[in-house]
Amino acid sequence: DAGVTQSPTHLIKTRGQQVTLRCSPKSGHDTVSWYQQALGQGPQFIFQYYEEEERQRGNFPDRFSGHQYPNYSSELNVNALLLGDSALYLCASSLQGFSYEQYFGPGTRLTVT
Amino acid sequence: LAKTTQPISMDSYEGQEVNITCSHNNIATNDYITWYQQFPSQGPRFIIQGYKTKVTNEVASLFIPADRKSSTLSLPRVSLSDTAVYYCLVGGQTGANNLFFGTGTRLTVIP
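Going down the list, the protein sequences come from chains A and B. Sequential numbering of the first sequence, starting at 356, is according to the working numbering. Sequential numbering of the second sequence, starting at 34, is according to the working numbering.
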């Protein structure tokens, strides 16, 4: 049973560029959440997708957007990258209604130079 | 979501039992208490969840007193591989749309 997978593993971008990160949820899960984790900090919630719609959003600007496909996979897009966007981006999947037991992927390490 | 307070770090020798306490004074009636573990450069991993009294699984035990204003994660006979950051989270099990992670407790197991 495949767990949550994310791609790419690492990414280096320049300020002002755009980036797309991808996530495939654990088999059987229908809900995908995205988190940003800065060095030495706990993960911060960005948003959650269910039934191809954004259901809830954390305190992140509109530069952060996402998408969920019919097969439940998801993308996180970040536009106009800033140096402060450098972080580990985590994807987590769960079953709707049981969001406190989330399964996390290994993350994508984004470096903005 | 109720705010939680945990020690920033703890050290323990291999083979000892480790107890990490979390304070959540503003916990709501329908809130559950959940603990996650995170190794460096990996995503957090669900450890255990409870509502009241005691919950035990193959990895850990969770003790919750009657007033539910605190909880204690107990790791029996820790090994070097238990070195990680442990997060305590409080919120509703159903309808909760996100997880609020604090800074967690960094546990270092010493040989």
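Heads up, some of the hints might be wrong.
[What the hints assert, rightly or not] BS3-like, lysine-lysine: derived pairs with alpha carbons at most 30 Å apart:
| no. | chain 1 | residue 1 | chain 2 | residue 2 |
| --- | --- | --- | --- | --- |
| 1 | B | 87 | A | 381 |
| 2 | B | 36 | A | 381 |
| 3 | B | 36 | B | 102 |
| 4 | B | 87 | B | 102 |
It is worth saying that the hints were derived from the structure and are not from the lab.
Let me make sure I understand: some of the numbered hints might not hold for this structure. Which ones are they, in numerical order?
none
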